[in-house]
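Guided by the hints, dock chain B onto chain A, whose structure is given.
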Amino acid sequence: MAALRDIKNRIEATIKTSQITKAMNMVSASKLRKTERKYRLFQPIKNKVRMMLENVLSSNIDLRHPLLELRDIKKVGYIIVASDRGLAGPYNHNILKHFDQIIKERHQSKDEYIVGTIGYKAFSFCKRKGHPLLNNESINSRDEVHFIDFQAMSRAFVQLYLEEGVDKIIMIYSHYVNTLIQEVKEEILLPITDLARTKTEAVSEYIFEPSAETVMNELFPIYLDNTLYGIILDAKTSEHASRMTAMKNATDNALEVIRKQKLYYNRARQSQITIELTDIIGGANAVT
Amino acid sequence: MHIVIITPEGELYNEDVDAIVVSSHSNGDYGVLENHLPIISTIDTGYIKLEQKNLVYYVVVINGVVENHRNLISVIAEDAFIGDSKETAFKNLSEIRKERIEENKKRNVELAKAERELRRQIKLTGAGNV
Chain A
1 MAALRDIKNR IEATIKTSQI TKAMNMVSAS KLRKTERKYR LFQPIKNKVR
51 MMLENVLSSN IDLRHPLLEL RDIKKVGYII VASDRGLAGP YNHNILKHFD
101 QIIKERHQSK DEYIVGTIGY KAFSFCKRKG HPLLNNESIN SRDEVHFIDF
151 QAMSRAFVQL YLEEGVDKII MIYSHYVNTL IQEVKEEILL PITDLARTKT
201 EAVSEYIFEP SAETVMNELF PIYLDNTLYG IILDAKTSEH ASRMTAMKNA
251 TDNALEVIRK QKLYYNRARQ SQITIELTDI IGGANAVT
Chain B
289 MHIVIITPEG ELYNEDVDAI VVSSHSNGDY GVLENHLPII STIDTGYIKL
339 EQKNLVYYVV VINGVVENHR NLISVIAEDA FIGDSKETAF KNLSEIRKER
389 IEENKKRNVE LAKAERELRR QIKLTGAGNV
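Protein chains in written order, with my numbering: chain A, 1 to 288; chain B, 289 to 418.
Here chain A stands alone, though its shape is the one from the complex:
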């Protein structure tokens, strides 16, 4: 009797779980659509800023800037982009595992690197492992990404770079390929090495107000913020995709468990009925 009720309880609990995971799946799906759209719309803006920067650089080919120069690497800064919340399948785990591997392979001591984190999961991970942190408070990675959320950290890192506190800044994030595939990627944020410096037509016509150098000095942080923003949007998109897939799998698994439990339940009920029947028949036989 007790076993029967237990199984029934379990079935009900699993049904509830499957409803929750299904709801989460649908929420993530809609968020994914939204973020993906934002990500796509942002690409032309990013390219435009990049083009402007290239224009400024091309008109002053021999201009030097510390953000563009390769230095001997003594200390590396890492920025990890993870999520605030869990239940996103292997999303956070993959990123953090990758990061752990990098640290093991490239660095002997904790003096050689410093970490900036975006997202609570990355923050608590680094704190637990005792990595040297740049931010002593978790930086939110909310569903609606805003510049202002992580600007303080990005500016702090650039400042550190200019003061030669770090010689290279690497971003670790999850790149969105499609709904099923997201891969952990590394991108070098600083120094900027991939800007074209070729003279294109019409470039030299531009006036820079007040001067090319000032414009460049202010354009660099904007460009970096934009790059960072683009990367975070990318990471956010893959977070939603990852969560969506994870929740889909969870729902499927729950349904599978329900199916099996129902089988057990019916079997137990059947055997109970059989026992009752044999009891009755046995009793009846004894009377006659």
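Worth double-checking, as some hints may not be accurate.
Stated by the list, open to error - Simulated crosslink set (EDC-like; lysine to aspartate or glutamate; CA at most 16 Å straight-line): (1) B:K394 <-> A:D149; (2) A:K16 <-> A:D252; (3) B:K401 <-> A:E137; (4) B:K386 <-> A:D149; (5) A:K46 <-> B:E355; (6) A:K46 <-> A:D194; (7) A:K31 <-> A:D100; (8) A:K48 <-> A:D225; (9) A:K75 <-> A:D111; (10) A:K38 <-> B:E297; (11) A:K97 <-> A:E183; (12) A:K34 <-> B:E355; (13) A:K97 <-> A:E186; (14) A:K168 <-> A:E69; (15) A:K168 <-> A:D252; (16) B:K337 <-> B:D372; (17) A:K31 <-> A:E144; (18) B:K393 <-> A:D149; (19) A:K260 <-> A:D6; (20) A:K38 <-> B:E299; (21) A:K46 <-> B:E297; (22) A:K75 <-> A:D167; (23) A:K74 <-> A:E164; (24) B:K337 <-> B:D317; (25) A:K127 <-> A:D143; (26) A:K22 <-> A:D252; (27) A:K74 <-> A:E163; (28) A:K48 <-> B:E299; (29) A:K262 <-> A:E69; (30) B:K341 <-> B:E375; (31) B:K393 <-> A:E137; (32) A:K46 <-> B:E299; (33) A:K34 <-> A:D143; (34) A:K48 <-> B:E355; (35) A:K168 <-> A:D111; (36) B:K394 <-> A:E256.
Bear in mind the hints are in silico, worked out from the structure with no lab data behind them.
Just chain B now, with coordinates in the frame of chain A:
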């Protein structure tokens, strides 16, 4: 002369104007009229005054780039807010930004509280031992 103001949240303003004045806190002001030479400048904190016949609008811009090319002015800004006067626009924008930062902080605290409560409840009910 056409002006497009873009922020990461999308297009803020896309309209024909007669003249604009770009004012930046660090670099000073300059005006742009029809057929101005191609120009690139930056705004750290400042505003753009838009003049359209007898209407005047102010767009407060934070960390933006202004580019003028063949009578098309594109402004790419990290944050921007449009208003009737620069004071109100600026006030609104800084309020929005401040609110956001404070909200973030509050979220951090609330999250930590909720997590602690959850852990306590799990321990209390012994849900982890089933």
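Review point. Looking at the structure, which of the earlier hints fail to hold?
Key: Checked against the structure, the hints that fail are numbers 7, 12, 15, 25, 29, 30 and 36, while the rest are satisfied.
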